[in-house]
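Q: First residue of the sequence shown: 1, per UniProt numbering; consecutive thereafter.
Among the hints, erroneous ones may be present.
As the list claims (entries may be wrong) - Computed beta-carbon distance windows for the label pairs:
(1) Ser739 <-> Asn160: 52 to 60 Å
(2) Asp169 <-> Glu499: 52 to 60 Å
(3) Pro188 <-> Pro992: 53 to 61 Å
(4) Val370 <-> Pro348: 24 to 32 Å
(5) Asp505 <-> Leu259: 50 to 58 Å
(6) Asn993 <-> Trp652: 21 to 29 Å
What the hints assert, rightly or not - Simulated crosslink set (EDC-like; lysine to aspartate or glutamate; CA at most 16 Å straight-line):
(7) Lys162 <-> Asp215
(8) Lys517 <-> Asp505
(9) Lys219 <-> Asp169
(10) Lys520 <-> Glu504
(11) Lys488 <-> Glu356
(12) Lys750 <-> Asp767
Calculated from the structure, these hints are not laboratory results. Keep in mind it's a predicted model, so treat the numbers as computed, not measured. Think of the CB as a built atom: it goes at the ideal place given N, C-alpha and C, for glycine as much as any other residue.
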Amino acid sequence: MLLSLPIPNNNPNNIIYHYHQNISSATMEMCMAPRKNNSPRELLSSVSPKSTDSQGPTLLPIPNPHVTVSSPRTTYTESQYSQSEGSPTHQKLHSRSSSHEAPIDKEHHQGPSSLDPEYPQSKESNPLNKDRPQTPTHVFCNGDLVAQSIDSDPESGPPNFKRVVLRIDGLKCGCCEGGLSQTIGRIPAIRNHQVNLALARVELDLDTNRRSVSDVIKKLEVSTGFNFEQQVASDGQVLELIISDPRRLNCADQRPGVLRIEAPERASWRPLQLLSGRSRTIPRQTPGSETHTTMGKGLAEPFAEQSKRRIAKVRIPPTKIHYDATQIGARTVYEHYKRYDPDMELAPLSTDPAAEAGAKQTKRALMWLVPALVLTIPVVVFAWASLDKNINYAHASIVLATLVQLIAFKQFVPGAFRSLYHSRVFEMDLLVAISTTIAYAYSVTSYALQRSGSTLKTESFFEASTLLVTLILLGRVINEFARFRAAKSVSFRSLQIEEALVVEDPGHLYATWANVKTTKIDARLLQYGDVFTVPPHTRIVTDGIVLYGGSNVDESMITGEFEPRAKGLESEVFAGTNNGEGLLVVKLTRLPHENSVHEIAAMVEDAELTKPKAQALADRIAAWFAPAIAILGLSVFITWLLVKAYIFRKPWGDAALNAIPYTIATLIVSCPCAIGLAVPMVILIASGVAARHGIIFRDPQKLEIARNVTDVVFDKTGTVTCAKLEVVGIPKYCAVDNSRTKGLLMSLLKDIKHPCSEGVWRHLERDMLINRDFELLQVSDIISIPGEGVKGICVDTGAEIRAGNAGWLNINEVGREVTTTCHCTIGGDLRVSFELMDRTRPGAEMVIKKLHARGIQVHLLSGDNEGAVADMAGALYIRRQNTKSGCKPQGKMNYIKDLQERGKVVLFVGDGTNDSVALKQANVGVHVHRGSDIAKSAADVVLMTTRLHDILILLDISNAAYHRIVLNFLWSAFYNLFAISLAAGVFVVVRPNFRIPPKYAGLGELVSVLPVVLIACQMRWRDYGQQYRAIEIDYQKVEAPKRERRLRSRTDSSTDSAGCCEISATTLARIDAMTR
């Protein structure tokens, strides 16, 4: 929508507003006639409330012919503006305003930060916006921020939901996750949010017309105390650069293919640079940025010559350049912008943000543990060592215990009360804070009573409060480290290596590739057209095609197949796989941001973000756990108070002091973290283990459902067969001009990926090379119809040409065909018929026998004719009543739906476009890799190889995951029941002092959580595919001769069936080679 609103002539600025609005963003451009010698402050003050539209933005104009209003993330400091009309900055702006330069689009420009304090920045400071939510809009003039507007009503306009991914820094336990989820759910502009504890990530749908992402991040940080960072989805590839002054890019030419530039915030850069002659800019520590040093020229250069230069250190994130890798290469982008900033460098590489976040969380926990441990050791020595009683020991203990208590306060109290206030969630941190405070207060009270000579029988035990805090921190360090190592052990992103050896001149015809000259570059600078080398015993940097060399490549980390694969000329290699003995020269086919490692990691992480039903139960238990323990702790205190007072006849003061240790131990020893981690840790490890075996769970709920499968439905072509159909008979041509038919049919089937079409096309290609009696003819408007065939229009005559099954073409087949048939018609007349045969996939019979042994019914569906389907079912020991031929996509879906209506849990395995509906309908849809992308998007599980025994591994992993989830829940329940009973003193009646003292209760989190992590990690120590690989090898040795005889008998029967022709010796030789 383009809306032009002319301002009345009495407006001193004579502004015309052009409002551009689309579904996702709003950009406002102002064109104004320059006024003479006005500073920005004068112009800002010249705007009267009367000229402000209550329904639109409040604009703070400044004279310039080319001003762009956008919504960047940053503003500029007052120091960049002129302090007087004659300043250089003002003169520069004024000279630009009088020129006729073309406007520079700064829609995505971001510059240095913080707006002048006198500019209206909030509802409180701007009376025009008291009743409206505020989102700042910044005005850029030829790259310089010159004004800011206050956003319009966020309720205006239709909803515009955008998927937003945020990284969380500081998420500790299940209660934290629950509180965060409730906080996010209370923001009206958000829906469909998902929080994952193991990945420290949250995904949500945000209505950007109501709230901006930065507003949501600020609100969440204030409400939860965690740090959030947005993971921006790139329009293309992203190059992260460390630039001393991002504004230098404003002068750079816009290269074709560069989509946008995201400059970092520079809040404190300008004031510090003014203080120093030359500033050293250090990028802010983020998951994608480590500390890096570059040099940038300061403003106060004359002062630098008179005095010693001072270094001002500022941390900033990298500048992100988004570009289309198909139009411009990464090295071209890097070299282009380096001309404008010679100090520019690549940002430090971040291969696995989740692992880095885990490592950072572990280091942070360790940072608090070390001082607490150092302070606790003297207190414990004073209390437990055989030392003479000395009042100075008590004095030192109270000082050290106070310092430890301050650490505990910093660690537990702010987040706990923030969660209670904002999220209405009673977290375990609050119980820990209360317990440690009570323990400390108890020790201080005991110390004070002893010093005052009180008759109360109590002893100060500062070692209890300090040990309590230290052991809690120790448990969290070990738990964080265990979770970090568990997540890293199954992480795929760690397979991506950082450097590549690129051939300097790949276009040169080398006499030998072995002596090729290479240059080592960062893997992020790879671009299409590159050729790189893979030395022996190194990892392959990205996907590609081998141009020279040969080697055995270990692809177990991608496919799960532990036998190395031989690679030679034109072989495909994958990122993250390990090269063997030989040298490989590889041409790049996929960049690192889109290669196999990235694709698998993205699918695994997306799956881990989705919560299964068991996790919902765990979240509900964890949410009520802390309040229940608080009530239980109060009950324990009251119970022991009454027992000591009435049964043991102690004074009320002594009774209360004796009851407090039981209460403290009860509050501390209980831990819902084990319950909260019971499911996500197993899902994390199970997803990683499955991915290592070449099985990608895109929906973790299917990890639960798969163990309950009662029926497995296979698609025939490409699933239980090798998807490489071969023409086995001599085709029957029904026309005189066979050359024209061949040329049209070959053009029609050229780009069709169905196995039947590919088989006919390969036959015609061989025919063309041998006989050379035809050539390709032009066919237009080619359409592939799933389950039917292909049709197109002959360009010369306009006749319609079709190739497909007999039913679609209205052809009556005579006799019982045991081969797959493909017919071709031109203008409705039958021109040629082909008979094709496929072979069963190795191991298919063994897998089906194993499924039968588990009590699982096996079904076979196909769009092929009845004879071919029945023959294949007989070869695979599938019951005739469990097969269906001539199935269209809707027919496959109806077949599965019929099974589900009978209470069956159905797993469907397919690989083609016509399987997508059935994949979606099934309880578990399994897509065999190298099928169509449409089918893959509809599948719940993706098999990275065509090995059918992966179906058995899938079922085994599902069973193992379920049993470990149950075991984790049982352990969590047992621990909490037994530990709470011990801490509360339930067993004191049986055996005195058989309880958990408060000073050791801090180990509760470690003792409860560590077994959960170990139980989940146990899945990594089992090779689920080993037994099936051994069985398959033995099975092939025995069954290969039998399969060959069966194939020959099928071939013999096909020659006797009506409509078939005699099979040539060449075809028989080809069939024989296929079965060996």
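Q: Hints numbered earlier in the text: which of these fail when held up against the supplied structure?
A: Going through the list in order, the structure violates hints 2 and 5 and respects the others.
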